[in-house]
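S.K.: Counting from 1, one number per residue, gives the positions in the sequence shown under this note's numbering.
Simulated from the structure, these hints should not be mistaken for laboratory data. Any given hint could be a false lead.
Simulated crosslink set (DSS-like; lysine-lysine; CA at most 27 Å straight-line) [claimed, not checked]: (1) Lys-2 / Lys-185; (2) Lys-2 / Lys-101; (3) Lys-212 / Lys-265; (4) Lys-265 / Lys-303.
Pairwise CB distance ranges (calculated) [what the hints assert, rightly or not]: (5) Ala-37 / Arg-245: 46 to 54 Å; (6) Arg-273 / Gly-82: 13 to 21 Å; (7) Glu-69 / Asp-122: 17 to 25 Å; (8) Glu-69 / Arg-315: 56 to 64 Å; (9) Leu-14 / Arg-245: 40 to 48 Å; (10) Met-60 / Leu-80: 19 to 27 Å; (11) Ala-37 / Pro-141: 38 to 46 Å; (12) Arg-188 / Ser-277: 39 to 47 Å; (13) Glu-284 / Gly-97: 41 to 49 Å; (14) Gly-82 / Ile-57: 19 to 27 Å; (15) Gly-155 / Glu-30: 31 to 39 Å; (16) Gly-241 / Arg-261: 18 to 26 Å.
In this text, all values refer to a predicted model and were calculated from it rather than measured experimentally. Just so it is clear, CB atoms sit at the ideal spot from N, CA and C, and this is done for glycine as well.
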Amino acid sequence: MKRFAFVLARDFTLSPLSLFVDTLRLAGDEGDRSRRAAFDWQIIGELGLPIRASSGIELMPTAPALRPEDYDNILVVGGLLGRKNSLPASAERFVEGAARKGVPVGALCTGSFVLAEMGLLDGHRASVSWFHIEDFRSRFPDVDASCDRLFIVDGNRATCSGGAGAADLAAHLVSGVIGEQSAAKASRILLLDRVRDADAVQPNLELFPEAKTLSVRRALLVMESNLQEPLAIVDVARSVGVSTRQLDRDFASQLGTSPARAYLKLRISLATRLLSSGKNPVGEVAFQSGFANAGHFSRVFRKMTGLSPTEVSRRSPAL
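Let the hints inform the model, and build the full structure from the sequences given.
M.R.: See below:
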């Protein structure tokens, strides 16, 4: 039997935890009896002291933060960002002890921030949500962070972007223990389309919902990850493994535009969000969205939106 320990950050996100645990539960048993036949799991913490999720639901720990070597995998479930000391000291020692003893340590959702703060992701690849990737990269330059994978297993570290990606990471680990059929069974019971592998792309792409193929979706994510210092389109194409000509054709057929135009639209979308806060000077917004100077940025912004950056910024406090 494989044993999993879950360490919950303050205000942790409930859905990744429940999806991961239910994948273990459904894959490891027959007849939906919730027997812990192939896998066991515990919530680590101070016994009798509930841990509150970001939704307000509270869970009681089932095992103390002792003897991490008794577990086969330890996973930190992240929560709301901006919290100091997101893990109690005893839980932090538990995770650090696991890493020292070679126990695989992973993170669900923003748990990657917790592990990175502890230095446990330095030199490792990590999957981070597209929503948090820029913040993560600026804070943890020693981590090879990516937002174009649902999950990444790199040696004794495993990270997932959050949400349903937790079920995919769980299915990957289940497959290695009791086979792909059991993992697929759990996915079907949870009404998930299929077990997605690590190469599946995070389903962001709000501006371009019509993007269908892997190459286009991945290219858009590469662009979104490089807005402040835009890449040449040839480098975007190379990063997703297609020729520039093929990428042009794919964008034209699916999005009705060119890669360069789509890239510009993503940059202007970022600029609009930054201006809408009413707190960012136009020059700073221009820099963060990849423009050499405020004058050029203002001309392009007006052409794309029909408004000047200053107009958008001034309107914001009333929104």
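S.K.: Is the hinted range of 13 to 21 Å satisfied by the C-beta distance from Arg-273 to Gly-82?
M.R.: 18 Å, holds
S.K.: Holds or violated: are the alpha carbons of Lys-2 and Lys-101 at most 27 Å from each other?
M.R.: OK: Lys-2 and Lys-101 at ~17 Å, within 27 Å.
S.K.: State, for the Cβ atoms of Leu-14 and Arg-245, whether the hinted interval 40 to 48 Å holds or is violated.
M.R.: 46 Å, holds
S.K.: Does Lys-265 pair with Lys-303 here, judged by a C-alpha cut-off of 27 Å?
M.R.: Between Lys-265 and Lys-303 the Cα gap is close to 11 Å, so the pair holds against 27 Å.
S.K.: So the hint says 38 to 46 Å: do the beta-carbon atoms of Ala-37 and Pro-141 match that?
M.R.: Cβ of Ala-37 to Cβ of Pro-141: about 44 Å, so the range 38 to 46 Å holds.
S.K.: Quick check: does the Cβ-Cβ distance between Glu-284 and Gly-97 fall within 41 to 49 Å?
M.R.: Holds - the Cβ-Cβ distance for Glu-284 and Gly-97, about 43 Å, lies within 41 to 49 Å.
S.K.: Regarding Met-60 and Leu-80, is the given constraint of 19 to 27 Å on their beta-carbon distance met?
M.R.: Taking Cβ atoms as reference, Met-60 and Leu-80 lie about 20 Å apart, which means the hint holds.
S.K.: Is it true that the C-beta distance of Ala-37 to Arg-245 lies inside 46 to 54 Å, as the hint says?
M.R.: 53 Å, holds
S.K.: CB of Gly-241 to CB of Arg-261, is that within 18 to 26 Å?
M.R.: 22 Å, holds
S.K.: Are Glu-69 and Asp-122 spaced within 17 to 25 Å by their CB atoms?
M.R.: Between Glu-69 and Asp-122, where Cβ atoms are some 22 Å apart, the hint holds.
S.K.: Take a look at whether the Cβ-Cβ distance between Gly-155 and Glu-30 falls inside 31 to 39 Å.
M.R.: Given a distance of about 33 Å, which is inside 31 to 39 Å, the answer is holds.
S.K.: Is it true that the C-beta distance of Glu-69 to Arg-315 lies inside 56 to 64 Å, as the hint says?
M.R.: 58 Å, holds
When the structure is compared with the earlier hints, no violation turns up for any of them.
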